[in-house]
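Novice: Sequence:
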Amino acid sequence: MTESKALRALREAIVLEHMESQNDHDFDTSLNTFPHPRYEIMASGQVLDGVDAVRAYWQRTRAAFPDQRNKVIDVHHADSAVIVEFELQGTHLGSLTGEEVTGRSFKVRMAGFFFFDKDVLICQRVYGDTATVMAQLGMLEVPEQF
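In UniProt numbering, the protein residues as written are 1 to 146.
Source of the hints: derived by calculation from the structure; they are not laboratory data.
For clarity, every value in this text was computed on a predicted model and none was experimentally measured.
All C-beta atoms, glycine included, are put in the ideal place defined by N, C-alpha and C.
No farther apart than 30 Å at their CA atoms in a straight line, the calculated lysine-lysine pairs in the DSSO-like style are these:
| hint | residue 1 | residue 2 |
| --- | --- | --- |
| 1 | Lys-118 | Lys-5 |
| 2 | Lys-71 | Lys-5 |
| 3 | Lys-118 | Lys-71 |
| 4 | Lys-107 | Lys-71 |
Listed next, with one range per pair, are the computed distances between beta-carbon atoms:
| hint | residue 1 | residue 2 | range |
| --- | --- | --- | --- |
| 5 | Asp-74 | Ser-105 | 19 to 25 Å |
| 6 | Gly-103 | Asp-24 | 19 to 25 Å |
| 7 | Glu-141 | Lys-71 | 26 to 32 Å |
| 8 | His-76 | Arg-104 | 27 to 33 Å |
| 9 | Lys-118 | His-25 | 26 to 32 Å |
| 10 | Gly-103 | Ala-9 | 40 to 46 Å |
| 11 | Asp-28 | Val-142 | 36 to 42 Å |
Please put together the full structure from these sequences, using the hints given.
Specialist: Set out below in structure tokens:
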């Protein structure tokens with residue numbers, strides 16, 4: 001295996017471990033996939049920098065969606081990143097921002113960009129469609145046709 005193929009394989013293994021450990025709610029393993037955790041949530045503009053901020057985000061989201069999980073659809077490689085297309089799903093069983101709990105589920109396709117410096121994960125940037133999530137939870141009325 002060439003060095004670049006080995007590096008790609010290592011990066012992909014780190015990313016898949018990161019994502020699977022979140023499904024298992026093993027957040028210590030998730031946090032250990034990078035030396036300084038940093039999340040950028042593009043739909044909300046949130047930047048979560050450091051262990052405490054990222055852990056608090058995961059705790060808040062899992063309190064609202066205790067069964068939240070991701071399913072990897074495809075993995076792509078770039079010079080300094082691994083890009084993962086995934087399906088995120090969960091059931092709204094707790095309040096995230098003070099909203100009334102709906103008990104409804106969502107399923108939405110998303111993309112996560114995992115940025116690396118050589119073999120070190122430095123940031124996860126998540127792109128997702130919050131309008132679809134809110135519509136599926138019954139929090140946003142979307143017309144069938146425009």
